[in-house]
Amino acid sequence: MDKPLLKLENVNLKIDNFALSNINLDLYGGEIHVIMGENRSGKTLLMQIVSGMLSPNAGRFFLDGKEMKYNEYSSHIKNIITYARQESEMLTNLTIAENLFFNNMPYKNRILKTIDYDKLNYMCQELLKELNLPISIYDKVSSLGLAQRQICEFLRAYVSKSKIVILDEPFAALTQGERELLCKVVKGIREKGVGIFYITHSLDDVFQLGDRITIIKDGRIVDTRNVSDCTREEIIKLMSGHYIQTRYPKIKVKTGNVILSVKDLCFEDKLQNINFDLRQGEILGVTGLAGSGRTLLAKCLFGAVDNVQGRIYINGSEVKITDPHTAISNGIALIPEDRINYSIFSYLTVSDNISVSSLKRFAHLLKIDVPILMHSVMEYIKKLNITQHPSESILQYSSGNQQKAVFAKWIMSRAKIFILDEPTRGLDIASKIDIYNFINDLVKKDVGVIFISSDIEEILGICDRVAVLSSRTLACDVSTRDITVERIMELATREDI
Amino acid sequence: MTELGSEDMFALERIRIIKNYLLKENKVSVAKLSELLNVTEVTIRRDLEKLEKEGFLERTHGGAVLKEIKEYKEEETIEEPGDAFRTQREEIAETAFHLVSDNDMIMLTEGLTNVYIARKLAQKNNLTVLTNDLRVALEFVNSPANNVILLGGDLKEYAVYGQLTENSMQYFSVNHLFIEVDAINRQSGMMVSSISKASLIQKAINAAETVSVVCLANLFGEKSLYRIGSVDMADKIITDSSLDDSFKDYLFSLNIQVYTSVDIYED
Numbered sequence: 014m015d016k017p018l019l020k021l022e023n024v025n026l027k028i029d030n031f032a033l034s035n036i037n038l039d040l041y042g043g044e045i046h047v048i049m050g051e052n053r054s055g056k057t058l059l060m061q062i063v064s065g066m067l068s069p070n071a072g073r074f075f076l077d078g079k080e081m082k083y084n085e086y087s088s089h090i091k092n093i094i095t096y097a098r099q100e101s102e103m104l105t106n107l108t109i110a111e112n113l114f115f116n117n118m119p120y121k122n123r124i125l126k127t128i129d130y131d132k133l134n135y136m137c138q139e140l141l142k143e144l145n146l147p148i149s150i151y152d153k154v155s156s157l158g159l160a161q162r163q164i165c166e167f168l169r170a171y172v173s174k175s176k177i178v179i180l181d182e183p184f185a186a187l188t189q190g191e192r193e194l195l196c197k198v199v200k201g202i203r204e205k206g207v208g209i210f211y212i213t214h215s216l217d218d219v220f221q222l223g224d225r226i227t228i229i230k231d232g233r234i235v236d237t238r239n240v241s242d243c244t245r246e247e248i249i250k251l252m253s254g255h256y257i258q259t260r261y262p263k264i265k266v267k268t269g270n271v272i273l274s275v276k277d278l279c280f281e282d283k284l285q286n287i288n289f290d291l292r293q294g295e296i297l298g299v300t301g302l303a304g305s306g307r308t309l310l311a312k313c314l315f316g317a318v319d320n321v322q323g324r325i326y327i328n329g330s331e332v333k334i335t336d337p338h339t340a341i342s343n344g345i346a347l348i349p350e351d352r353i354n355y356s357i358f359s360y361l362t363v364s365d366n367i368s369v370s371s372l373k374r375f376a377h378l379l380k381i382d383v384p385i386l387m388h389s390v391m392e393y394i395k396k397l398n399i400t401q402h403p404s405e406s407i408l409q410y411s412s413g414n415q416q417k418a419v420f421a422k423w424i425m426s427r428a429k430i431f432i433l434d435e436p437t438r439g440l441d442i443a444s445k446i447d448i449y450n451f452i453n454d455l456v457k458k459d460v461g462v463i464f465i466s467s468d469i470e471e472i473l474g475i476c477d478r479v480a481v482l483s484s485r486t487l488a489c490d491v492s493t494r495d496i497t498v499e500r501i502m503e504l505a506t507r508e509d510i
Numbered sequence: 004m005t006e007l008g009s010e011d012m013f014a015l016e017r018i019r020i021i022k023n024y025l026l027k028e029n030k031v032s033v034a035k036l037s038e039l040l041n042v043t044e045v046t047i048r049r050d051l052e053k054l055e056k057e058g059f060l061e062r063t064h065g066g067a068v069l070k071e072i073k074e075y076k077e078e079e080t081i082e083e084p085g086d087a088f089r090t091q092r093e094e095i096a097e098t099a100f101h102l103v104s105d106n107d108m109i110m111l112t113e114g115l116t117n118v119y120i121a122r123k124l125a126q127k128n129n130l131t132v133l134t135n136d137l138r139v140a141l142e143f144v145n146s147p148a149n150n151v152i153l154l155g156g157d158l159k160e161y162a163v164y165g166q167l168t169e170n171s172m173q174y175f176s177v178n179h180l181f182i183e184v185d186a187i188n189r190q191s192g193m194m195v196s197s198i199s200k201a202s203l204i205q206k207a208i209n210a211a212e213t214v215s216v217v218c219l220a221n222l223f224g225e226k227s228l229y230r231i232g233s234v235d236m237a238d239k240i241i242t243d244s245s246l247d248d249s250f251k252d253y254l255f256s257l258n259i260q261v262y263t264s265v266d267i268y269e270d
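Sequence order for the protein chains is E and U.
For the first sequence, the working numbering assigns the number 14 to the initial residue and increments by one for each residue that follows.
For the second sequence, the working numbering assigns the number 4 to the initial residue and increments by one for each residue that follows.
Since the hints were derived computationally from the structure, they do not count as laboratory data.
Honestly, I wouldn't trust all of these hints.
Listed next, the in silico DSSO-like pairs over lysine-lysine satisfying Cα-Cα at most 30 Å (straight line) [claimed, not checked]: (1) U/Lys70 with U/Lys159; (2) U/Lys56 with E/Lys265; (3) U/Lys30 with U/Lys56; (4) U/Lys159 with E/Lys395; (5) E/Lys373 with U/Lys159; (6) U/Lys70 with E/Lys457; (7) E/Lys283 with E/Lys373; (8) E/Lys380 with U/Lys159; (9) U/Lys30 with E/Lys265; (10) E/Lys230 with E/Lys250; (11) E/Lys20 with E/Lys230.
Some residues of chain U that are not near chain E, with every Cβ distance over 12 Å (derived) [said to hold, decoys possible]: (12) Leu15; (13) Leu102; (14) Leu115; (15) Lys226; (16) Lys239; (17) Ile240.
The beta-carbon is built from N, C-alpha and C at its ideal position, and this holds for glycine as well.
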């Protein structure tokens, strides 16, 4: 116990616009080391380095007290680590037993590799008995729900011979019973003397499971502490750290009529009783943890998913938004989070990407008046500060320019309700500032904006109101003047009421 | 042929409607006309082109204005002849308008862009405006809903400066100060062309809650003679949309709000 299983010293990594700086982290056998931080604080990148998948720019690495180069570290650690990620990596057409013991199957005949099913099933049954889990070993993984898959994923880590286990963001929406099972499995792993990195957003998990906690923000480690020495409030405080809300350009606009009203919106078991109003000239911020349904809410409003329950009113009259086409013709624009796959037409030029939603405006005698269209497009390219090569494919542009072209598309179509899902994520600062200024001008022109972001600082700087998605519904809807970063964090990490 | 004929008939009717509309409203946008007459914007643009040739109107970005009105307006206001940055200054004024609330106590220092801001702010209610620029004060002449306090001092062109001006400023503390500077660069910060102006602005900054710096984008990276102080004395910088990206980066890192005053709808 005196020597850490692994230790990282002064690790640095720079990728695009993000950097991990001076990371110092260690892990002892038989401990649960919780890693906490907002989305995109660098948790996953750090775990990729730990597990030997991603080579950092600099740093020192120790395994069992022995220093080694990253190459060597990487090849060693791969044999002793299990990385259980959020996305299930199981073979869905095999049974639970087959999946759990996939890497160490009992064979009847070692040469012919015939599997000893009796032994396999016996081993699995024993395991489930040991942990007292109510699962049938004969079930195929495809028949399991998300929570059960998560438990199986963790069980795989349990049966493996790994000395180090990384459990990445256990599925957020678990029932109390499922949560207890999961805890049992995690504690079981610890009892075998394994060191565990446990990535979570849930404060309850921290106190129920954690031995130590490391808080990471913007690629830096804020602090590492013993959980027994911390209070809830301290952890929230450490996570929110030093925030700067003064650098976001924000104008004052008199808000107008309610342009969009959402009543009792529900979707499957993922969103429940969502209610809010959006006025002309207003920016409503929506935040929440990863998986809280932020993107899903955007899709529901845009008609991009089927079977949405509830009522949507636009300018006071009820509208059934069954598909994106209806949404667009009602003046709704969506700028999705996934720019490459859902937002741009990657095989088209920038000018085509910009004009694609507004061609009707340029029709003359059943033909598109190309010179006038191009004139308008060029004007957008100039005004929105997009690099000027309109006939090149949009894929050759930087992400900032791509995003600005997407804005141009909807601005040109004169959309009245903008739903922006992480509009500034991964962009350079100059493009971010451009986009904040576009939003300012949009609200001046009576547009209503729903601004979804996991950057709380940005939300408080840009928005008039903020709504926090937590436990499948909106946990609050208040003016940004009346709420603090700490309070938003608390609401977002809150468990079921 | 018959179809073409009817199209021409419609065109005449449209032109009559456009003329009437303009005579009443003085200006109109292409989008508005297109909606009103239920024809495409392309058609409207052609009609406006025709009317421009006739000399009835003048086409502007996104619309048209009645010709006589425009000429009349230009005579009335004090502007430097042939100001190349008129649009930019108007856009900056639009942003400043949305940063001031009714009942605020503000100050505008000397500068042409600040005159544009004053013109726009004259639409507000119950502002108290402190200024050393005569042109700024004049913009509020027809706006009795607002109070203007004109500082005294030695008159240099359009504005007053000197000990007298600075002394009388002591009596005021403002919510929001708009200073117009002549250059901003990384080495020297904010700069102006005269020492009396630099001195007055320094005093004004000390007595203001919020400091907005007004500066055309083409003056970033330039130099002027006298230094006011470092850029981070500013809370907000209001400029136009041609600001170089590297400055956006730099100012954001200093925690300054950057307003590029872009008018995103095309013309």
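Is U/Leu15 truly not at the interface, in the sense that its beta carbon sits beyond 12 Å from all beta carbons of chain E? holds (18 Å)
With a cut-off of 30 Å on the C-alpha distance, tell me whether U/Lys70 and U/Lys159 pass. With a Cα-Cα distance of about 36 Å, the restraint between U/Lys70 and U/Lys159 is violated, given a limit of 30 Å.
So U/Leu102 supposedly isn't at the interface. Is its beta-carbon more than 12 Å from every beta-carbon in chain E? violated (6 Å)
When you check the alpha-carbon spacing of U/Lys70 and E/Lys457, does it fall within 30 Å? holds (28 Å)
Are all C-beta atoms of chain E more than 12 Å from that of U/Lys226? holds (23 Å)
Does U/Lys159 lie within 30 Å of E/Lys373 when you go C-alpha to C-alpha? Outside the cut-off at roughly 56 Å; violated.
Holds or violated: U/Lys159 with E/Lys395, Cα cutoff 30 Å? Measuring from Cα to Cα gives roughly 39 Å; hence the hint is violated.
Quickly compare the C-alpha distance for E/Lys283 and E/Lys373 to 30 Å and report which way the hint goes. violated (37 Å)
If you draw a straight line from the CA of E/Lys230 to the CA of E/Lys250, is it 30 Å or shorter? Holds: E/Lys230 and E/Lys250 sit about 12 Å apart, inside 30 Å.
Assertion that U/Ile240 lies farther than 12 Å from chain E (Cβ): violated (9 Å)
Taking 30 Å as the top limit, are the C-alpha atoms of E/Lys20 and E/Lys230 close enough? Holds. E/Lys20 to E/Lys230 sits at ~20 Å (cutoff 30 Å).
Hinted pair U/Lys30 and E/Lys265, Cα distance within 30 Å: holds (27 Å)
In this structure, the hints that do not hold are numbers 1, 2, 4, 5, 7, 8, 13, 16 and 17, in rising order.
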